[in-house]
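K.L.:
Residue numbers (the UniProt record's numbering), protein chains in the order written: chain A, 1 to 383; chain B, 1 to 383; chain C, 1 to 383; chain D, 1 to 383.
One or more of the hints may lead you astray.
Because identical chains share one entry, a pair is satisfied inside a single copy or across any pair of copies.
[Claimed, not checked] Taking lysine-lysine pairs in the PhoX-like style, the calculated list, with each CA pair at most 20 Å apart, reads:
| id | residue 1 | residue 2 |
| --- | --- | --- |
| 1 | Lys-55 | Lys-242 |
| 2 | Lys-242 | Lys-119 |
| 3 | Lys-103 | Lys-325 |
| 4 | Lys-242 | Lys-166 |
| 5 | Lys-97 | Lys-22 |
| 6 | Lys-268 | Lys-120 |
| 7 | Lys-166 | Lys-253 |
| 8 | Lys-328 | Lys-97 |
| 9 | Lys-22 | Lys-328 |
| 10 | Lys-253 | Lys-120 |
| 11 | Lys-103 | Lys-8 |
| 12 | Lys-108 | Lys-4 |
| 13 | Lys-339 | Lys-121 |
| 14 | Lys-4 | Lys-268 |
| 15 | Lys-199 | Lys-253 |
| 16 | Lys-382 | Lys-6 |
| 17 | Lys-54 | Lys-339 |
| 18 | Lys-268 | Lys-174 |
| 19 | Lys-383 | Lys-328 |
| 20 | Lys-199 | Lys-242 |
| 21 | Lys-325 | Lys-382 |
| 22 | Lys-305 | Lys-199 |
| 23 | Lys-108 | Lys-54 |
Quick caveat, the hints were computed from the structure, so don't treat them as lab data.
Here are the chains, one letter per residue:
4 protein chains.
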Amino acid sequence: MTIKDKYKQVRQETMAFCDHLKIEDYAIQVVQFASPAKWHLAHTTWFFETFLLKKYVTDYKEFDVHFNYLFNSYYNNVGDRILQNNRGNMSRPSTDKVLEYRKYVDEKMMGFLQSTADKKKIDLVILGLNHEQQHQELLKTDVKYMLGHNPIFPEFNSAYNLVNDKNESTESLKIDAGIYEIGHPTDAFCYDNELGVHKVYVDDFTINNFLVTNGDYMAFMEDGGYTDFNIWLDEGWNWVNKNEINSPMYWHKIDGEWHYYTLAGLQKVEKEAILCHINYYEATAFAEWQGMRLPTEFEWEIASKQLNWGKRWEWTNSAYLPYPKFEKENGAVGEYNGKFMSNKMVLRGASVATSPDHSRPTYRNFFNPVERWQYTGIRLAKK
Amino acid sequence: MTIKDKYKQVRQETMAFCDHLKIEDYAIQVVQFASPAKWHLAHTTWFFETFLLKKYVTDYKEFDVHFNYLFNSYYNNVGDRILQNNRGNMSRPSTDKVLEYRKYVDEKMMGFLQSTADKKKIDLVILGLNHEQQHQELLKTDVKYMLGHNPIFPEFNSAYNLVNDKNESTESLKIDAGIYEIGHPTDAFCYDNELGVHKVYVDDFTINNFLVTNGDYMAFMEDGGYTDFNIWLDEGWNWVNKNEINSPMYWHKIDGEWHYYTLAGLQKVEKEAILCHINYYEATAFAEWQGMRLPTEFEWEIASKQLNWGKRWEWTNSAYLPYPKFEKENGAVGEYNGKFMSNKMVLRGASVATSPDHSRPTYRNFFNPVERWQYTGIRLAKK
Amino acid sequence: MTIKDKYKQVRQETMAFCDHLKIEDYAIQVVQFASPAKWHLAHTTWFFETFLLKKYVTDYKEFDVHFNYLFNSYYNNVGDRILQNNRGNMSRPSTDKVLEYRKYVDEKMMGFLQSTADKKKIDLVILGLNHEQQHQELLKTDVKYMLGHNPIFPEFNSAYNLVNDKNESTESLKIDAGIYEIGHPTDAFCYDNELGVHKVYVDDFTINNFLVTNGDYMAFMEDGGYTDFNIWLDEGWNWVNKNEINSPMYWHKIDGEWHYYTLAGLQKVEKEAILCHINYYEATAFAEWQGMRLPTEFEWEIASKQLNWGKRWEWTNSAYLPYPKFEKENGAVGEYNGKFMSNKMVLRGASVATSPDHSRPTYRNFFNPVERWQYTGIRLAKK
Amino acid sequence: MTIKDKYKQVRQETMAFCDHLKIEDYAIQVVQFASPAKWHLAHTTWFFETFLLKKYVTDYKEFDVHFNYLFNSYYNNVGDRILQNNRGNMSRPSTDKVLEYRKYVDEKMMGFLQSTADKKKIDLVILGLNHEQQHQELLKTDVKYMLGHNPIFPEFNSAYNLVNDKNESTESLKIDAGIYEIGHPTDAFCYDNELGVHKVYVDDFTINNFLVTNGDYMAFMEDGGYTDFNIWLDEGWNWVNKNEINSPMYWHKIDGEWHYYTLAGLQKVEKEAILCHINYYEATAFAEWQGMRLPTEFEWEIASKQLNWGKRWEWTNSAYLPYPKFEKENGAVGEYNGKFMSNKMVLRGASVATSPDHSRPTYRNFFNPVERWQYTGIRLAKK
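For reference, chain A alone in the conformation it holds in the complex (with noise of 0.2 Å):
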């Protein structure tokens, strides 16, 4: 496929999952890690503009000189911005000045891609694609907490449930210890955050080659998962009394059977369903409930050929951390990954939100260990 050609496929990518949205969808946030579906539109069209139009396009007209306080997310380098707990205040510009913006960059990047083969440059644009996929990743988690805390439970699409998924496997694989290599070993994309193959060595560890189900899960809620606090992380213990957790978001008892909100609406949980939806204290708590553990990133990549994964992000056992000869690149690129390295724990291999292409066995996902928000799930290892 040409540069241009995945250029369109991905942007319209974007607008598909867009289809189902009303205008006022668009514009709320209702916390701050979730941004307004708006805020993604315009905020990966500023990748291009920014990182591209404005740097290499001779006499480029910017958009709107407002836009880059308006929609830059988190770099530095490129200037002040709304805070991020503001994007949701905003009204205006209006989705439709947003969508006006996206043909705009888009037609502009076009002509962009006719003239150049510059290959930093289309690097560039590769990275900004890979940029736009990842939002489309958190639109799709976005979208759903919003209307997951809106109480009358709206429909997103009644034909896409997205938490259904089965596991394929009841098997486990051992994996003999020994010094494995690992990071991204091709020139295919990958973030710098993967980059560096370097030697870990490792113990014999057994993996399962499938992940924890709802079913599971209730059977752990049911033997009092959520009141035994020795099996919790203090800090997981502490989340769940000021909380008062007793189920994975977007769970509700109603009527003495669980239910769980999904995009095609509220819907009875599905115990043959892979679980979703709970983050690093539930996973470690099910883990040692379980008397197993999370594996390691390192020991997930190893055996990475042999799994069957893509259906949720995978908590693991490892914290966010630079690998060995990892090297940040400078200015505003540079801040893509490496300034997020701390409080983070590593989630390896890609969700049902996932773009198809934009997974493989090395990426590095991160989040702090309080977030569920995201479609993750819970696999197991032992000695």
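Following the hints, position chains B, C and D against chain A.
P.N.:
Positioned in the frame of chain A, the structure of chains B, C and D alone reads:
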């Protein structure tokens, strides 16, 4: 005017203001005290549905069973409701749905008004219309708050400045000491907090027949008004320092000149226009700086026949407390006013945003002393 | 009594209460509004040092140059000071040092009083003594707060219960409508907020010559007083729910019976004793439940000659606002009262913790409506 | 040394530090993480009473039934406890009472140690002594925090500066890539988090045999270290800005010169002395500025035999996570370490405040990356 015509007129006036809103403008809540436009449209409708249609119309079919939970404001007698802070978290029901709701209830109300002449019921309809008129004003101030806190300062309506009124007099009035009667004297509509004509003794006083202007206030600012603790109430001084206040709400110094956001967009501050958007603390500090004071609500009411008023709500130096003969009605209607009688100050008059037939000399408006998003101004008095 | 004798007496009374304190008791601050005993001892001394010795005694040598910063309470005119919330963070200066400070200042004050007959200066000394008497009461309530919030409920002094007073009358008084004079009428000491005798018109009213008892309040509690929103002010209802309040401060239900913490330790609630430690919201809810109301401060003052009072500070239904002839002094002394005139309610009378010669019918005490750590009670009135 | 002698020695060392405290110093808690001295004295005693005397001594009479509630730190298995934040709210039990408690438990422990040779019990005693040694260090850092945040900067002990150590080397060490063994290798005492010797592969690396000095850090500060966002982790940059940080903890610029608070009082910063009181964010920003990085805890442990260490806890770039063979004990003792394994970074080495026989190359200290009240420093490494 018949009650039916009055009903149609008031309901239509609410919609007239909305002509200049974009769909996104209806949904957003920037701060707890300023509700989304969509919520105002639905809540005023809920009032008629709840207190009239559901109560007095046989076989009335509720428009949507969730709406009582979503659009009850503060009536404990009518059941649970979403937190005030969460009104802006709901993209659904959409604005379209809320407009359908208005239409549905309006049709039913027309039928109801056709068939009813019962005074108690008509009085409730009149209360509902006055309630809607209050929300018309809140709608204007809340939209201004949302747009005025948007960093791009969107113009709402170029013909709708609202803050360019001038004084029509430079005189002061002298009023003699004596016993005066205070409270609503006729059978015309008023709120329960105005009822019970009663005697009040006041000393001699002088009251200005004009309000403080922007130019007056700029002189105060230039003279260090915001840095001289001796003229501030203790709570006011803490508020100034904690929030780094140095001007009225909506004022911005741009290239050395004061501008303010108006519904017609950002404009230079007009010195001759009447000052607006200051709170009780600023009002008392300004008065102290001038060697004068705010009038009490009794002084204001006594002087009102001779005063020019109606351009700005005027802070008085009276706390919002019950009149000697105040009586709370039973049930939900009794929650309208009485329960807010603590930590509020009385404002008298009316503002440019007040519905024209919704003002009278006995009207007791009230807000927390810290608030300044209403169209509030300063009238001075002295012994 | 000479001013020297009066000075010695008041200063000694402060120390008398401290006999039962342990050294650790002097240092701790549990909550912002309740200062450490050590701080009270130093602050009252600082008042004499700052407003008299440093100003009027030639060659006076300040005891410690840091003390102005440490022990200024709220006088902006006297310079910066530590945040009120941090008073309990300072183990040093130790209590020993503070007692040295008192001794040092007392000696200098004796010399000063020996040599001065200037009325203005003596008036300031009298203000300082009244100030110290106010802090004597705060010392008692603040120590009670600290010990009463200690889970082991330490006994302070077995002979010092303070909450066992009974009513001496069961009568009510009827007062006729008319114009009455309000305010401090003589040349004797009073605060600036009492000054300016002025006329007030009141309607006929009836006022109880007794206060609400614990037994009365238990009946209110048993009748669901804390769960019936219709009798509560809106702010009060929020306070009850947010803090899960179901009894007065210091009450604990133990084995099915109500106990309260007193300075003599934990005891069974005595039904006949006068109710204590309730706030304005509880006072108004109780009155509403009884079908009565709180008196205004004017009604209270008018009735005071015929009333039994002095056992508890009595919440009135008057906001703390300036009298018509109120004038603020220049400089620090002007900060004593006037700047607190917002969001406070007036309490009249005096309490068991009030210094005996520090009460009079015109005294205007004031607290935020939410506070209840003072010795506060309820007197009812009606039309 | 016999276990009885060891017990006496450790318990005595705790008291030795307290000689310079005033009674008020024992009681105060300035911030949640720094407990009052009195609490440390009681809590370490509670450990022996709870895990040994109450469990293994027949007819042991608890000193005070409230003490389990008051002095349990974080052991859920041992029941409810006061909130960590409230430790400083309790003036009682007084310090005298706590010293009685220590004496009482010490006597009982002497009897117990006389009569017991059971290894499991003796191991618990040794754990209790190591626990007390940890609290000896916290006692020193917590007292420093309290006095160092007192605006008069009280001198604790003029002979006890603690921050004037110098480096003894200017060399760097080169270590070859390979598989190394990590973890506590002998039968001597260590914590459970050090157990399970296991293989780790590390690449070639270079590590300094000296720590960063105050002079080095001043160069960083002068070069704009606190204002260049590119060298900071995102969380660190937010911390700097929110708290307006521009120097290490305890540093104050006075008349243009940097001073720091030490336990010997306020002193000029000594340039040659080893830097202290910086957090993980500052450590990583400094390393980034130097073009180097922090070592991992594995690199540190591998290099430790050749390193000078012991003057400051050294931030590593390793998150505090379980070793592959980590096993949690059952019951309360299992809560000692494992449950804190999230959002913490490992520190290696020991500090001047560490008990001399309480350090070893495998020791894994851990703190939240934001903390800097411990004696923390920076050692740099690179490829």
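K.L.:
Decide, hint by hint, whether the structure agrees.
P.N.:
Now the hints, each set against the structure:
1. Neither within a single protomer nor between protomers do Lys-55 and Lys-242 lie at most 20 Å apart by alpha-carbon distance, with minima of 48 Å and 32 Å respectively.
2. Taking the shortest Cα distances, Lys-242 and Lys-119 never come within 20 Å of each other, neither inside one copy (51 Å) nor across copies (40 Å).
3. In the homo-oligomer, the alpha carbons of Lys-103 and Lys-325 never lie at most 20 Å apart, since the shortest distance is 40 Å inside one protomer and 56 Å across protomers.
4. Taking the shortest Cα distances, Lys-242 and Lys-166 never come within 20 Å of each other, neither inside one copy (33 Å) nor across copies (43 Å).
5. Taking the closest pair of Cα atoms, Lys-97 and Lys-22 come within 20 Å of each other both inside a single copy (15 Å) and across two copies (11 Å).
6. Taking the shortest alpha-carbon separations for Lys-268 and Lys-120, neither the intra-copy value of 50 Å nor the inter-copy value of 47 Å comes in at or below 20 Å.
7. Proximity of Lys-166 to Lys-253 under the C-alpha cut-off of 20 Å is found in neither arrangement, the shortest distances being 22 Å within a copy and 53 Å between copies.
8. For the homomeric pair Lys-328 and Lys-97, neither the shortest alpha-carbon distance inside one copy (35 Å) nor that between copies (50 Å) is at most 20 Å.
9. With identical chains, the CA atoms of Lys-22 and Lys-328 are never at most 20 Å apart, being 40 Å at best within one copy and 43 Å at best between copies.
10. In this homomeric assembly, Lys-253 and Lys-120 never come within 20 Å of each other (Cα to Cα): the closest approach is 53 Å inside a single copy and 43 Å across copies.
11. In this homomeric assembly, Lys-103 and Lys-8 come within 20 Å of each other (Cα to Cα) only inside a single copy, at 11 Å, whereas the closest approach across copies is 43 Å.
12. Taking the shortest Cα distances, Lys-108 and Lys-4 sit within 20 Å of each other inside one copy (12 Å), while across copies they are farther apart (57 Å).
13. For a Cα distance limit of 20 Å, the shortest separation of Lys-339 from Lys-121 qualifies neither inside one copy, at 23 Å, nor across copies, at 47 Å.
14. With identical chains, the CA atoms of Lys-4 and Lys-268 are never at most 20 Å apart, being 44 Å at best within one copy and 48 Å at best between copies.
15. Proximity of Lys-199 and Lys-253 under a CA criterion of 20 Å is satisfied in neither setting, with 48 Å inside one chain copy and 47 Å between copies.
16. Taking the shortest alpha-carbon separations for Lys-382 and Lys-6, neither the intra-copy value of 41 Å nor the inter-copy value of 40 Å comes in at or below 20 Å.
17. In this assembly of identical chains, the alpha carbons of Lys-54 and Lys-339 never lie at most 20 Å apart, being 25 Å within a copy and 50 Å across copies at closest.
18. Taking the closest pair of Cα atoms, Lys-268 and Lys-174 never come within 20 Å of each other, the shortest separation being 35 Å inside a single copy and 60 Å across copies.
19. In this assembly of identical chains, Lys-383 and Lys-328 lie within 20 Å of each other by CA distance solely across copies; the values are 15 Å between and 35 Å within a copy.
20. With identical chains, the CA atoms of Lys-199 and Lys-242 are never at most 20 Å apart, being 42 Å at best within one copy and 39 Å at best between copies.
21. For the identical chains of this complex, Lys-325 and Lys-382 are inter-copy neighbours only, at 10 Å across copies versus 29 Å inside a copy, given an alpha-carbon limit of 20 Å.
22. Taking the shortest Cα distances, Lys-305 and Lys-199 sit within 20 Å of each other inside one copy (17 Å), while across copies they are farther apart (24 Å).
23. In this homomeric assembly, Lys-108 and Lys-54 come within 20 Å of each other (Cα to Cα) only inside a single copy, at 11 Å, whereas the closest approach across copies is 58 Å.
Checked against the numbered hints above, the structure breaks hints 1, 2, 3, 4, 6, 7, 8, 9, 10, 13, 14, 15, 16, 17, 18, 20 and satisfies the rest.
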